[in-house]
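Chemist: Sequence:
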Amino acid sequence: MTRRRLGFWRRFAVATVKPAMQALTRRTWTGMEHIPAEGGVIIVVNHISHADPLAVAHYIYDAGRWPSFLAKASLFSVPVLGSLLRAVHQIPVRRGTTDAVRALEAARAGVRDGEAVVIYPEGTTTREPDLWPMRGKTGAARLWLDTRAPMIPIVMWGPERIYDPRTSKLRLLPRADVTVVAGDPIDLSAWDDAQPSAQTLNEITDHIMLHLRDMLVEIRGGTPPPLWTPRKSLA
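Counting in the UniProt record's numbering, the sequence shown runs from 1 upward without gaps.
Calculated directly from the structure, the hints in this document are not laboratory data.
Warning: the hint list may mix true and false statements.
List time: in silico DSBU-like cross-link candidates among lysine-lysine, alpha-carbon distance up to 35 Å [claimed, not checked]:
no.	residue 1	residue 2
1	Lys18	Lys72
2	Lys169	Lys18
3	Lys169	Lys72
Okay, the calculated beta carbon distance ranges per label pair [unchecked claim]:
no.	residue 1	residue 2	range
4	His50	Arg11	37 to 43 Å
5	Val101	His207	19 to 25 Å
6	Arg5	Val80	30 to 36 Å
7	Ala37	Ser168	17 to 23 Å
Being a predicted model, the structure only gives us computed values, none of them experimental.
Yeah, the Cβ is synthetic: ideal placement off N, Cα and C, and Gly gets one too.
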């Protein structure tokens with residue numbers, strides 16, 4: 001992406017976020033070749049920390065794309081930050097309201113306009129006690145059924161060393177080892193002719209989350225549990 005295409009506010013965001021992430025992390029990045037150089041794409045990511053959007057934004061930017069996140073609407077109410085998020089084309093989501101439909105419409109338009117739209121299918125940081133993926137919401141599945149754009153999985157491990165949601169502890173030093181990996185597009189061909197019924201959406205969503213979970217095993221090791229379901233349903 002050239003400076004001309006980025007524009008002032010995107011250059012400002014890069015100049016703010018990238019040096020900070022370089023100072024806070026030691027990065028192991030692989031799989032960037034799986035992110036298409038152009039064209040609409042849906043990127044799904046596991047969510048382990050409030051620090052990981054910065055890590056994945058850094059990764060996607062260095063892969064040559066501008067990430068457009070579906071982000072909590074409350075962030076857009078923060079003075080200065082909210083204006084910046086809008087200026088760099090992020091998408092607010094008010095979960096559990098009719099405005100969530102508008103967010104999906106904006107994401108759909110973004111994909112059809114050739115953007116790289118980033119979704120955390122879980123909708124929030126995982127509540128699984130060991131930070132494995134939990135059951136997701138159906139927004140990513142709906143977006144895929146609407147657009148049939150390639151869905152690229154990204155998993156990461158390490159941002160929880162900067163901010164651990166289980167303890168709410170922030171640790172800026174020493175630098176955190178952060179691993180980010182992108183994989184081949186998720187194979188969703190089993191649903192090529194499917195309609196967006198509740199069953200279909202839940203099947204696709206579980207397939208996405210299991211795919212992310214299995215990729216995560218490769219970088220953090222261990223034996224993953226079944227997809228964790230919080231007491232309040234995320235379906």
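Chemist: So does His50 sit 37 to 43 Å from Arg11, Cβ to Cβ?
Modeler: Distance hint for His50, Arg11 is violated at roughly 24 Å.
Chemist: Holds or violated: 30 to 36 Å for the Cβ distance of Arg5 and Val80?
Modeler: Since the Cβ atoms of Arg5 and Val80 sit about 24 Å apart, the hinted range of 30 to 36 Å is violated.
Chemist: Could you see if the CB distance from Val101 to His207 stays within 19 to 25 Å?
Modeler: Since the Cβ atoms of Val101 and His207 sit about 23 Å apart, the hinted range of 19 to 25 Å holds.
Chemist: Please work out if Lys169 and Lys18 have their alpha carbons no farther apart than 35 Å.
Modeler: Between Lys169 and Lys18 the Cα gap is close to 22 Å, so the pair holds against 35 Å.
Chemist: Lys169 and Lys72: Cα distance at most 35 Å?
Modeler: holds, 21 Å
Chemist: Take the C-beta atom of Ala37 and the C-beta atom of Ser168, compute their distance, and say whether it sits inside 17 to 23 Å.
Modeler: violated, 39 Å
Chemist: Does Lys18 pair with Lys72 here, judged by a C-alpha cut-off of 35 Å?
Modeler: holds, 22 Å
In summary, the numbered hints that this structure violates are 4, 6, 7.
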